[in-house]
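Residues per chain, in single letters:
2 protein chains.
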Amino acid sequence: MISFNMYFPVEIMFGAGKIEQMPAICKKFGSKVFAVFDPFLKGSDLASQILKGLKKIGLGYYEFYDVVPNPRHTVIDQGAALCVKQKCDLVMAIGGGSAIDTGKAIALVSTHGGSCWDYTVRHGEKFLKPETPCLPIITAPTTAGTGTEATHISVINNAELKLKAAIINPIIYPKVSIVDPELMISVPKHIAALTGIDTFAHAFESFIANGANEWSRMLALKSMQLFSESFVASVNDSTNITAKSKMALSCTLAGYAFTQSGLCLPHAIGQPVSALTDGPHGGTLAACIPQVIEFTLPHAEADFAVVAQILDPRLNINLPASQKAQKLPDIIKSLYKQTGVTVTYKDYGLREVDIPTVVDLCFSNYLQDAKGHPRAVTKEDVFRIVKRCL
Amino acid sequence: MISFNMYFPVEIMFGAGKIEQMPAICKKFGSKVFAVFDPFLKGSDLASQILKGLKKIGLGYYEFYDVVPNPRHTVIDQGAALCVKQKCDLVMAIGGGSAIDTGKAIALVSTHGGSCWDYTVRHGEKFLKPETPCLPIITAPTTAGTGTEATHISVINNAELKLKAAIINPIIYPKVSIVDPELMISVPKHIAALTGIDTFAHAFESFIANGANEWSRMLALKSMQLFSESFVASVNDSTNITAKSKMALSCTLAGYAFTQSGLCLPHAIGQPVSALTDGPHGGTLAACIPQVIEFTLPHAEADFAVVAQILDPRLNINLPASQKAQKLPDIIKSLYKQTGVTVTYKDYGLREVDIPTVVDLCFSNYLQDAKGHPRAVTKEDVFRIVKRCL
Numbered sequence: 001m002i003s004f005n006m007y008f009p010v011e012i013m014f015g016a017g018k019i020e021q022m023p024a025i026c027k028k029f030g031s032k033v034f035a036v037f038d039p040f041l042k043g044s045d046l047a048s049q050i051l052k053g054l055k056k057i058g059l060g061y062y063e064f065y066d067v068v069p070n071p072r073h074t075v076i077d078q079g080a081a082l083c084v085k086q087k088c089d090l091v092m093a094i095g096g097g098s099a100i101d102t103g104k105a106i107a108l109v110s111t112h113g114g115s116c117w118d119y120t121v122r123h124g125e126k127f128l129k130p131e132t133p134c135l136p137i138i139t140a141p142t143t144a145g146t147g148t149e150a151t152h153i154s155v156i157n158n159a160e161l162k163l164k165a166a167i168i169n170p171i172i173y174p175k176v177s178i179v180d181p182e183l184m185i186s187v188p189k190h191i192a193a194l195t196g197i198d199t200f201a202h203a204f205e206s207f208i209a210n211g212a213n214e215w216s217r218m219l220a221l222k223s224m225q226l227f228s229e230s231f232v233a234s235v236n237d238s239t240n241i242t243a244k245s246k247m248a249l250s251c252t253l254a255g256y257a258f259t260q261s262g263l264c265l266p267h268a269i270g271q272p273v274s275a276l277t278d279g280p281h282g283g284t285l286a287a288c289i290p291q292v293i294e295f296t297l298p299h300a301e302a303d304f305a306v307v308a309q310i311l312d313p314r315l316n317i318n319l320p321a322s323q324k325a326q327k328l329p330d331i332i333k334s335l336y337k338q339t340g341v342t343v344t345y346k347d348y349g350l351r352e353v354d355i356p357t358v359v360d361l362c363f364s365n366y367l368q369d370a371k372g373h374p375r376a377v378t379k380e381d382v383f384r385i386v387k388r389c390l
Numbered sequence: 391m392i393s394f395n396m397y398f399p400v401e402i403m404f405g406a407g408k409i410e411q412m413p414a415i416c417k418k419f420g421s422k423v424f425a426v427f428d429p430f431l432k433g434s435d436l437a438s439q440i441l442k443g444l445k446k447i448g449l450g451y452y453e454f455y456d457v458v459p460n461p462r463h464t465v466i467d468q469g470a471a472l473c474v475k476q477k478c479d480l481v482m483a484i485g486g487g488s489a490i491d492t493g494k495a496i497a498l499v500s501t502h503g504g505s506c507w508d509y510t511v512r513h514g515e516k517f518l519k520p521e522t523p524c525l526p527i528i529t530a531p532t533t534a535g536t537g538t539e540a541t542h543i544s545v546i547n548n549a550e551l552k553l554k555a556a557i558i559n560p561i562i563y564p565k566v567s568i569v570d571p572e573l574m575i576s577v578p579k580h581i582a583a584l585t586g587i588d589t590f591a592h593a594f595e596s597f598i599a600n601g602a603n604e605w606s607r608m609l610a611l612k613s614m615q616l617f618s619e620s621f622v623a624s625v626n627d628s629t630n631i632t633a634k635s636k637m638a639l640s641c642t643l644a645g646y647a648f649t650q651s652g653l654c655l656p657h658a659i660g661q662p663v664s665a666l667t668d669g670p671h672g673g674t675l676a677a678c679i680p681q682v683i684e685f686t687l688p689h690a691e692a693d694f695a696v697v698a699q700i701l702d703p704r705l706n707i708n709l710p711a712s713q714k715a716q717k718l719p720d721i722i723k724s725l726y727k728q729t730g731v732t733v734t735y736k737d738y739g740l741r742e743v744d745i746p747t748v749v750d751l752c753f754s755n756y757l758q759d760a761k762g763h764p765r766a767v768t769k770e771d772v773f774r775i776v777k778r779c780l
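Protein chains in written order, with the working numbering: chain A, 1 to 390; chain B, 391 to 780.
Treat the hints as calculated values from the structure; they're not laboratory data. Treat the hints loosely; a few may be bogus.
[Said to hold, decoys possible] So the derived list for chain A, only partly shown, Cβ under 7 Å to chain B, looks like this:
(1) Asn5
(2) Met6
(3) Phe14
(4) Gly15
(5) Met218
(6) Ser245
(7) Phe295
(8) His299
(9) Glu301
(10) Ala302
(11) Leu390
If you're wondering where the values come from, they're calculated on a predicted model, not measured in any experiment. Glycine included, C-beta positions come from ideal geometry on N, C-alpha and C.
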């Protein structure tokens, strides 16, 4: 029986050139902007045009470029202190997933105090989940990856504890996200490839997760269709604006899908590996997805068959589902090959002695993702899967 | 190139039994409820349980049952006066599209004054479009039809002027809509059939409309798939809760889709006919859809082929698109036949001498829908189409 709750308060402005409307959007929500930019945007035309635009319509701003991949809680807390000191009343975040997650967490800490780490959801520990509004958040992603422009999630890395955890709170839904594929043109090829795989992982995991429903599956399916039509082209030809556009929409839809359904085993494994090694999120997912599929067959055969047909439209439509499903790992590996993705966990410095720590984290901090998997999974299963990814 | 804005602030709580949460939801938004009920709910278990629930958690309420099909502006204005007098601070509307549209308009007039007719969009005339919030609106539909639980639209009938026009304003988006298919079980067969066709019309017109985009087409497609799987069963067996569930979701998705894309010719013709004759909205759409498709071929051949395949999955998948498209009118007529729908405009009392008035309204008040059609349409075209519907 169909049953779900659906809530998506983010206004999405999607399309090439839409970024020009950023200053006018900001003006709707405040008078002084805490402007979080990905560091690669420092001195860029984009940043200077937006800042000029803000000034022109009478908005103040403070520029913040101190964004790192896998955002650290200490950096975010410093940002929030600056935001308060500068008396900013809204946060604009432009950049990759790290910049946007940084901006979302700053908006929360600026109004609610403490450290951003206090608000992250951690297994078996107390955390803060305020319900009163934080500063309004406006985002514009420059990569098609995390989908954070469409979610109430901000992933934070505590380097001291070697832990990644997420704030998951509806108050950090962006008010408006401008998804402008032209901002994604300058992304280096290897980043476009790994962030694209992150997008696919969101849609794929959402599609098969135990928490999926008719609504989230519709979004995940459309996301995977767009991914299939555009991933290779968007990575290999960064000027292909049609492909970039489809990847950008694929990403937003995937973000929206997984906030409804939850994720499953690839994220439950990839996230702790990323926290332990500081390996990129997309890379630690890419390395484990084919192994997770092998492990999961035949428990999600019908769904895997659908995904295989989407990713390889030349697949004979009359093949039995079991055969289509068995082809899925190789179809995905072929996409990796076409975009130069060859990562293993060894590349990120993971050693066999680290595996038990990954397994422990998978069954503590990432238990919810692990439990969302369509095949029940034991610690021994995860150990074997991770070992195969080395 | 993909370009659209997407904004959907309604929280949808979808599923059998979800109506039990109505009092708790109301409590989030106010302390005294203006409770708009479809008259058929007077003295029902449903109404008494909800009112008991409101009382139990300390909310006041005022009951309002004065809802008519094709809601009149005078009735709504009287409701708003009562709502103000009773000092209600939120509106709950439970019933068919008429009850919900009545509730939405009452919420607006209660805070912004005047007559609801002043806020309706009319061609070439001034109308009010306030941006400050009106009373919060909570809905629960009892038919799968208009999709008004998901839209910022309230259709109002001015019987004096023999005109229908709509308030279209984001401030009347419901805060929460509880879509509980169990509420739809008691709907009489002929109403289930005609409201179901309204749902299909929303999805179908949205799918082919000039204003469609990737996002709205995804919603419309999923809506039509669910419609195809459930329409006949849900009409002919009102206890089939699986079918009712799919129709309910089809309806909500269709409402959401057409607010993004706009509608096209069937609504541009069906609405004036309904205003002139007081014929039911779904019926005036049903009678013209096959004729509109005949007129539109081959201008939307590829889309019609997709719809034909969805509505008749037994259709040979290898048929050329043109042949599939040509079959669409008969496929739709067959669905009508299976659900006992045999309406013509003559049945609603439309006479040949009335056709010029329909045509004039189509090109004035409903011009936006007419312009959204994928084949450009003249007054002569509309005359011919309406004549064939008599």
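**Report entry** Hinted contact Asn5 of chain A with chain B - closest CB pair below 7 Å
**Finding:** holds, 5 Å
Query raised in the report: Once the shortest beta carbon distance from Met6 of chain A to chain B is found, is it less than 7 Å?
Result: holds, 4 Å
Query raised in the report: If you take the shortest Cβ to Cβ gap from Ser245 of chain A to chain B, is it below 7 Å?
Result: holds, 5 Å
**Report entry** Satisfaction of the Met218 of chain A interface hint, Cβ to chain B closer than 7 Å
**Finding:** With Cβ-Cβ at 5 Å, under 7 Å, it holds.
Query raised in the report: Holds or violated: is there a CB of chain B closer than 7 Å to the CB of Leu390 of chain A?
Result: Violated - the Cβ of Leu390 of chain A stays beyond 7 Å from chain B, reaching only about 39 Å at its closest.
Requested in this report: Would you settle whether the hint for Phe14 of chain A is holds or violated, based on the nearest Cβ-Cβ distance to chain B being less than 7 Å?
Outcome: holds, 5 Å
Query raised in the report: At a threshold of 7 Å, is the proposed contact between Phe295 of chain A and chain B supported by beta-carbon distances?
Result: violated, 31 Å
Query - Status of the hint placing Gly15 of chain A at chain B (closest C-beta pair under 7 Å) - result: holds, 3 Å
Query raised in the report: Hey, does the Glu301 of chain A contact hint survive, CB to chain B under 7 Å?
Result: violated, 21 Å
Requested in this report: Using 7 Å as the Cβ threshold, decide whether Ala302 of chain A counts as touching chain B.
Outcome: violated, 17 Å
Query raised in the report: Would the hint on His299 of chain A stand, with a C-beta cut-off of 7 Å toward chain B?
Result: With a minimum Cβ separation of about 24 Å from chain B (threshold 7 Å), the hint on His299 of chain A is violated.
Violated hints, in rising order: 7, 8, 9, 10, 11; the structure is consistent with all others.
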